[in-house]
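Asks: Sequence:
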Amino acid sequence: MADRISALDGHVTTGTFGLVPDDGPGVILQPLPDLSLVQVAGWPDTLRAVGARLLAITDAVSLPGPGKAATVGAVSLLRVEPLKWWLLGAQAPELPAEKGSTLDLSHSRTRVRVAGRDAAALLNRFLSLDLRTGSFPPGSVASSSFHHVGVTLWHADDGYHLFLPRGFALSCWEVMLESALQFGVEVRQG
-16 MADRISALDG HVTTGTFGLV PDDGPGVILQ PLPDLSLVQV AGWPDTLRAV GARLLAITDA
44 VSLPGPGKAA TVGAVSLLRV EPLKWWLLGA QAPELPAEKG STLDLSHSRT RVRVAGRDAA
104 ALLNRFLSLD LRTGSFPPGS VASSSFHHVG VTLWHADDGY HLFLPRGFAL SCWEVMLESA
164 LQFGVEVRQG
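Sequential numbering from -16 applies to the sequence shown in the numbering used here.
Each hint should be verified, as a subset may be incorrect.
Unchecked claim - Simulated restraints, written as ranges between beta carbons of each label pair: (1) Thr29 / Gly7: 47 to 55 Å; (2) Ser111 / Pro49: 17 to 25 Å; (3) Arg171 / Trp26: 37 to 45 Å; (4) Glu161 / Asp5: 29 to 37 Å; (5) Asp141 / Ser45: 19 to 27 Å; (6) Ala57 / Ser127: 20 to 28 Å; (7) Val3 / Arg149: 25 to 33 Å; (8) Ala80 / Asp6: 50 to 58 Å; (9) Ala80 / Asp5: 57 to 65 Å; (10) Gln172 / Glu77: 33 to 41 Å; (11) Arg108 / Pro49: 35 to 43 Å; (12) Asp42 / His90: 23 to 31 Å; (13) Arg(-13) / Ser127: 21 to 29 Å; (14) Lys51 / Asp6: 27 to 35 Å.
To be verified - Each computed EDC-like pair below joins lysine to aspartate or glutamate, with the alpha-carbon atoms no more than 20 Å apart: (15) Lys67 / Glu77; (16) Lys67 / Asp87; (17) Lys51 / Asp141; (18) Lys51 / Glu64; (19) Lys67 / Asp28; (20) Lys51 / Asp113; (21) Lys67 / Glu81; (22) Lys82 / Asp28; (23) Lys82 / Glu64; (24) Lys51 / Asp140; (25) Lys67 / Asp42.
Think of the hints as simulated: they come from the structure by calculation, not from any bench. Don't be surprised by glycine CBs; every beta carbon is placed ideally from N, CA and C.
Using the sequences plus the hints, can you model the full thing?
Replies: Take a look at the structure:
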């Protein structure tokens, strides 16, 4: 298998930048390397069977519903569409074509963690989502657009994980970093 190289490799300068308040930066940006992302799809009449295969792989107690995620250890399962899941950190199940399909998306996306007390405010500069905790609590997943680029956002326990298409990752990163300067931003290496 080819090495996974992030679209942001060589373009990230770590450190603290911008208008940093006395209590520290309001935003933490961190590209997360070595993305292992597989899309798993079932058909309407095979969804339960495909879901059972995913439960066995993830050791999750139950399947996440649409727009939700479940994490067990280093493996996460995101329900990105009614008939599709994204599997993070695990190998794809073998599925016969009559049951469903798998697609390795690892090389097609760049994953960035956005955290800190002002993370939601920063993301709301770009995403038309209600990111208040009551509307988008940890465990939520949504698709949106970031400067006309289709992205997926997951509210994980350690912040927001933004999945950017590889071809647009650098320009989205630069725009997000520039906007984060107003909050004070710490850029961490993945």
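Asks: Decide, hint by hint, whether the structure agrees.
Replies: We went through each hint and held it up to the structure:
Between Thr29 and Gly7 the beta carbons are some 49 Å apart, a value that agrees with the proposed interval 47 to 55 Å. Roughly 19 Å separates the CB atoms of Ser111 and Pro49, a value that falls within the hinted 17 to 25 Å. Distance hint for Arg171 and Trp26: a CB-CB separation of about 41 Å, consistent with the stated range 37 to 45 Å. Checking the proposed 29 to 37 Å range against Glu161 and Asp5 shows it is violated: the Cβ atoms sit about 23 Å from each other.
Range check, Asp141 to Ser45: Cβ separation about 22 Å, and the 19 to 27 Å hint holds. At about 26 Å, the CB distance of Ala57 to Ser127 agrees with the hint of 20 to 28 Å. The given range of 25 to 33 Å is respected by Val3 and Arg149, whose C-beta atoms sit roughly 31 Å from each other. Between Ala80 and Asp6 the beta carbons are some 55 Å apart, a value that agrees with the proposed interval 50 to 58 Å.
A hinted range of 57 to 65 Å for the beta carbons of Ala80 and Asp5 is consistent with their spacing of about 59 Å. At about 35 Å, the CB distance of Gln172 to Glu77 agrees with the hint of 33 to 41 Å. A hinted range of 35 to 43 Å is violated for the C-beta pair Arg108 and Pro49, which are about 26 Å apart. Distance hint check for Asp42 and His90: the Cβ-Cβ separation is about 26 Å, which falls inside the suggested range of 23 to 31 Å.
Roughly 24 Å separates the CB atoms of Arg(-13) and Ser127, a value that falls within the hinted 21 to 29 Å. Judged by the Cβ atoms, the range 27 to 35 Å given for Lys51 and Asp6 holds: they are separated by roughly 32 Å. For a cut-off of 20 Å, the pair hint linking Lys67 to Glu77 stands: about 15 Å separates their Cα positions. Only pairs whose Cα atoms come within 20 Å are accepted, and Lys67 paired with Asp87 is accepted, the gap being roughly 13 Å.
A threshold of 20 Å between alpha carbons decides the hint, and for Lys51 with Asp141 the separation of about 16 Å falls inside it, so the pair holds. Under the criterion of a C-alpha separation no larger than 20 Å, the hint pairing Lys51 with Glu64 is consistent with the structure, at around 10 Å. At roughly 13 Å between alpha-carbon atoms, Lys67 and Asp28 fall within 20 Å of each other, so this suggested pair holds. A C-alpha spacing of about 15 Å is found between Lys51 and Asp113, which places the hinted pair at or below 20 Å, so the restraint holds.
For a cut-off of 20 Å, the pair hint linking Lys67 to Glu81 stands: about 15 Å separates their Cα positions. A threshold of 20 Å between alpha carbons decides the hint, and for Lys82 with Asp28 the separation of about 8 Å falls inside it, so the pair holds. Between the alpha carbons of Lys82 and Glu64 the distance comes to roughly 17 Å, so the proposed pair stays at or under 20 Å and holds. In summary, the hint linking Lys51 to Asp140 is supported, as the alpha carbons are separated by about 13 Å, within the 20 Å threshold.
Between Lys67 and Asp42, the direct Cα distance comes to roughly 18 Å. Compliance with the 20 Å bound is thereby established for this hinted pair.
Taken one by one, the earlier hints fail for this structure at numbers 4 and 11, listed in ascending order.
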